[in-house]
Structure formats: C-alpha cells, structure tokens
Amino acid sequence: METLKERKTSVKSKTTLKISGAEAIIHCLVAEGVDLLYGYPGGAIMPVYDELYKFQDKLTHILTRHEQGATHAAQGYARVTGKVGVAMATSGPGATNLVTGLADAQIDSTPMVCITGQVTRHLLGSDAFQETDIIGISTPVTKWNYQVTRAEEIPEILAKAFYIARSGRPGPVLIDITKNAQIDEFDFSYTPCTGVRSYNPFPKPDVTQIEAAAALINNAKKPLIVFGQGVILGEAEEQLKTLVEKAGIPAAWTILGLSALDTNHPLNVGMVGMHGNYAPNMLTNECDVLIAIGMRFDDRVTGSLDTYAKQAKIIHFDIDPAEINKNVKVDVAVLGNSKETLGLILPLINKTEHTTWHNQFKDKYKIEFDAVINKDIHPTKEKLTMGEVIEQINIASNNSAVIVTDVGQHQMIACRYAKFNQSKSNITSGGLGTMGFALPAAIGAKMGRMDREVVAIIGDGGYQMTIQELGVIFQHKVPVKIVVLNNDHLGMVRQWQELFFEKRYASTVMVNPDFVKIAEGYHIKSKRISERSELQSTIAEMMASKEAYFLEVKVEKEDNVFPMIPSGASVSEVRLK
Amino acid sequence: MKMENNWYTISVYSENNVGLLNRISGIFLKRHINIEGLNVSKSEIDGVSKFTIVIHTTEQWVQNIVGQIEKQIEVIKAFYHPDDEIIYQESALFKISSDLLFDERQIQNIIKDNNSQIVTVARDFFVLSKSGKRDEIDKMHSELEPYGIMQFVRSGRIAVSKAEMRISSLLEEFQHN
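Taken in order, these protein sequences are the chains called G and U.
Offset between the first sequence (1-based) and the numbering used here: plus 1052.
Offset between the second sequence (1-based) and the numbering used here: plus 35.
I should point out that these hints are in silico values taken from the structure, not numbers from a laboratory.
These numbers were taken from a predicted model, which means no experiment stands behind them.
We put the beta carbon where it would ideally sit given N, CA and C, even for glycine.
Just so you know, not all the hints are guaranteed correct.
What the hints assert, rightly or not - The following residues of chain U were derived to be distant from chain G, with all beta-carbon distances above 12 Å:
1. E39
2. I70
3. H91
4. N99
5. H116
6. D119
7. R140
8. V156
9. F160
10. E171
Claimed, not checked - With a cut-off of at most 30 Å between alpha-carbon atoms, the simulated DSBU-like pairs for lysine-lysine come out as follows:
11. U:K197 / G:K1365
12. G:K1256 / U:K197
13. U:K197 / G:K1381
14. G:K1416 / G:K1403
15. U:K197 / G:K1378
16. G:K1362 / U:K197
17. G:K1471 / G:K1555
18. U:K106 / G:K1381
19. U:K106 / G:K1256
20. G:K1391 / U:K112
21. G:K1273 / G:K1135
22. G:K1378 / G:K1365
23. G:K1135 / G:K1598
24. U:K197 / G:K1391
25. G:K1378 / U:K65
26. G:K1256 / G:K1427
27. U:K130 / G:K1381
28. U:K130 / G:K1378
29. G:K1416 / G:K1256
30. U:K65 / G:K1381
31. G:K1362 / U:K106
32. G:K1135 / U:K106
33. U:K168 / G:K1256
34. G:K1416 / G:K1471
35. U:K112 / G:K1378
Stated by the list, open to error - Interface residues of chain U toward chain G, partial, derived using beta-carbon atoms under 7 Å:
36. E50
37. G61
38. G102
39. E109
40. S164
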C-alpha cells in the first residue's frame, strides 16, 4: 500500500504502543470522530466486540436485530448529521446481510463505513465456517472495499476508508478484517488520510464553464432549476437559495433534494419525476434553460429520455464527472463541489425576475390542486387518506421534523406533502427503493439528532420487513415516532396492477397482524385510529410524547398516487387521475 | 457522437490492487457488454499497472464505461481509442506436430510468408509464434488448419496510442492538489 503513504500529512502521533488489531480498530474509529455505531456480533468479529466492551465510555454500540438494520440506521445517522455512519457485522451471513444497505448507500451517495469480521487468514479460501467472499460480493455496491489480513494495515486502511466514504461524491466503504489481524499486536499509530494519489474527489471548477453557465442563465427567458441531494451533500443550501432568489428562477427538486430549499419558499415549485408535481414536470418540456444541480437524471425523474427537455439548453452542476452526459447530454457541465461552484457563479448572475414564467407554474399548480392535492389533504370521502395524515404532521411539527420514509405510496405522498423548513430532514431510500429502510433509518436519524423530532412514515408492507428493530427502540429508549399508514396492501404494486395489469392483484393483499399489540409487546406507547375525528388530536398527542410512540392509521385501501407519469412516458404526459 | 458499434481499445492506468480487475470487469457485466480482449501488464511508470481492454460497442457506451472506470478509487486515468488512433498487436502460439515440419514442404513456406518464428522444436511437436493484427493471425491460422493444429492460443490486444497519454504529469498534479 505504498500509494497511501505518499500524500499523508506528517502528523504522526508522538508515541506508539503495542496493541491488538481489535483495539486499534476502536482507536481508529474514535480518531475519526465516531461515537456511535450499529452492528451485530458473531464469531469472526468477537475480538472487536471484546474491545467495544472495554471502551464503552468512548464508543456506543447499538445492537440492531438484523445486520440490514445496522446499515440503514447508519445511513439514517449519516443523512441527518452529514457524518460517516458506521456499521459492523461478523463474517458470512453477517456480512451478506449488509449488502442491501451497501447498495442503498451506494446509489444514494451516503457516507458509510462497514466493518466485517472474516475468518483467520490461513483459512481464507478453505470454505471455513461462516467464510464468504464479501469483497467479491460487495464490490459492485461499494465505493471502495478492502480486505485486511495483517494487523499493521488497520490504521492506514481505516483512515483511507473514512476519507473515501466522506470525500467527493460520498458512498459506502467495506473493510473486511480477518480474525488474525484483529488478534495480532503491533505498534499502533494513527494518521488521518488526506489524499489517495489515484483518486481526485475535488475537481477544480473550470472558470470558462462557470462563465458559459452564467451567460445561459442570464439570457434565459424561461429557466428552471432542478436540484438534488448534491446541494445537501455539498452543504450548498444558502448558495442555492441565493441563486434562486437573485435570478428569480423557479426551483424544483428530486426526491433526495427535498428539504434543501424551504418547501414554503415562493420559488419552490415542487418535485419532479414519476409522482412529482404537475407544473415542474410539464414545464421541464417548456423551459429554455434547465439548470440541474447535484442530481443525476434518474429514469424516475426524466421519464423517456427521447422527449426530455429537448427544447432546452442544459447546464449540469455535479461533483462526479461520470454523471456528466451519462443519461442526458448537456450543453454546459460545471464540475465541482456544489457550494464552491454555486458560490463562483453567483457574482456573475444578474438580478432578474421571471414573473410571467413563474405564473405558469402557479397556474399549473392550481390545476393539480383542484385535481389531486385538495382531495388528498382535505378529503371528503369517508376513509382517511395518507395525504391528510402528512398534513396533520406538518401542522403538529411546525414543518420542522425529520421525516423518514420507507418505499411505496406512503413515500410518494409523504414527499409530495411533507413541509420542511430545514435541510437534511427528508430521509428516504430514493435510488434503490429499499422497503424496510424507514424503521432502522429513523432510529439512526433520531440518535444522530436527539434535538430534533423524527417521524417515520411507513407502509404496512415495508414495516414488516424490518419490524424487529422495534427491539432497538425499546432497549435503547429511542424516542422516535412511528406512523404506519396501513392500507392492508402493497399499495404501489397494487396501483400498478390496477392501472397496467388489468386489476390482476397478484400477491398484493396483506392480511396483517395486530400492529398495536406488537408495539405493546415492545412496551412502546401505541394507538390505532381509523376515524378523521381522532386524527388531529392523536397526531398532536404523538408529537407531544417524550418517548417513542407507535401510531397505526387505517387508511383507504385502494387509493392511487397521482399525478403519475407512466413508466417510460414523457415528463409532459402526466396523468392527473 | 457515433451511434453505431465500433471497436474500441480502453487503456487503464491504475495502482496495482488485488480487487481492481473484479471492479473493472463488473462495470462491463452490469452493462451486459462482452470483453473481447483483456491484457494486464506493467506500464511505462514504476508501480503503475496498465489494463488494455477491447470492446465492440457504441461511442456513447464506451464514454460511459470509461467514466465509470475512472471513478474507481485505484484508477489513475482511463482512455479509449478507435483502431485508427492506436498501434496495436496480438500474439499467437501454434503447437504443430513435428512430422509436419519434415513431411510437408508447404509448412516452411507458411512460416516464412507469415513472418512467423519457431519458438521451440521438440521430438513430437514444434511451436510457432506470430505477432500482428488479428487478421494476420487469422490468415496464418487458416493456412495451418488443414495440416492440423494441436493447440492454438491468441493473446489479448496490446496497444499504444499515437497521441500522448500524460500519466506522469497527471500523477504529479494529483500530488500537488
């Protein structure tokens, strides 16, 4: 690993001492600022757990009920704090159970370090008990991975792991450590990693591209901003807001960009994509300049690429060179950290307003409000809707809660209607669409921001994929609020079956257990409601609770989420019903 | 941007790392693109490895793939070139029964005409080597085939670009970033 040594700062710690690899791991984590990690012990990682026992004052380990829960909790923690989340597991099944969380963190650019135990070095390749090739398995779903087979490698590799996980476009890193490397003793010293010679996470912004982008923006008559999580990861929320206000540009967001700009900002025109808002989707195909900031033109955002914003000049701000021209061919690409690039372009932007253009968004919003929104959040039908539950949470939380969602109809409804007045507040599985994400992610989010209210909104399907994590909430008294929007169906799949599979409802009806009793089994305060008259007061009671609270809301069973752009259709082919 | 399929040679400069080949081949696997030729060797820079990968695809895909390859932590730089921008060769070995060398006059002509070399002669067999472009190797193969080839193997393509690949200065830039 001579490559690592090349760009280190020379802040070697003054003294060295002989310690075990396992103890070294603890010191490395502490040196990286980790005070909380999630995991599950087992044979090949036991030396590390033994050290965790000794260093409980420095590092809190939370025992999740499944390793997948450990990854999602680490992700939730990372997404609200901006820090690296850490998960730990043993070899074999412990390691393979991390794969979904790794894939989720990879596609949603979440900084995470996973540490797995591995059979001792001389047993590698012998099909030993709980041996699995987790390096091979995790390669496509990690930003970087590495197998440590000697104790001496630990400080250098862990330093590199944290550096890679958090720098540039963040992502998950897996470090697999053989048991002998955990047990063997060596002279420990720790030096943080400040660079890897083959890895350039900070592309230098190109002034000519910035000027070209500014010229396009200044000359635009109908500009549209679409921002993604790159704004949050780059902590460029202020720069985005200034750009939006100075240039008077309507700004829409991808699902992961949500909360980077106050949802009540007058120029915030809503969500793009399959279940996004009518105006930004329709007007994507009318704008003259599309300014994409920290987003990656996912197919759920663009619909058919053949008809996506063909009339517009496209500017793409992104930190990842591989995203430029990947899905959509752009006219100007501005590489770099969003805070830096937006900061550079702001002085070049003329103060403007685009009132007529902005009014087109307002007109289209009115169409959507009458056709969809009003019915969703102020329903007149008997059964409760998901939309009105979200609306009540907005009211009770004053738009200031962290909202963690799972995957499906409730997720789309929550992201459409939840209001946010601060960043890093919308935690959801966007790219991978991982059911079971929300409950453990909410635990991590709450533990990362104990000062904030964290509400998990989950469907009855996804809830049962990681329901065992209620054990963590109980054991560690995590005061998280859990709302299950129960329609007794896998609602989103049911919706597709209704619309595109001639109502053949294959395996989407769920006969559910008594969720309240289950929560009670974990001694979590819980309640079930099905009447509108109980909604407001119950949500208020839940939000006021100082401890964890489980709320099951029985909602209309066969509601559909609209607007909807059918898969593969154009963004301007929005169905309102 | 060329939308039709074409032959492209991808040259990857990287750190020498045990898992990197897996990472790089996974990029092709994910896109269902077949690797037609693969060679890994040292490069002109100490401690830097060079992958030479040949694929048959569109320019859009090869750009996408090169972007993904460059994104890998241990990759220093990746380039892609159509055939007219590189000097390239493959190498082949033919194992032939020794009797043929003595019994068939034509074999000696094939060796001479194809500029092939005799690598070794044993009691039972002899081995011919041939370096060149794919069609030159194919030509020699088709000429020898009627006489019987005991074993045949052809290497992946190796290539150098006509234009400069500025790896050393790039590495220096990284150092000073």
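Of the hints given before, which are not true for this structure?
4, 11, 16, 17, 21, 24, 26, 27, 28, 29, 33, 40
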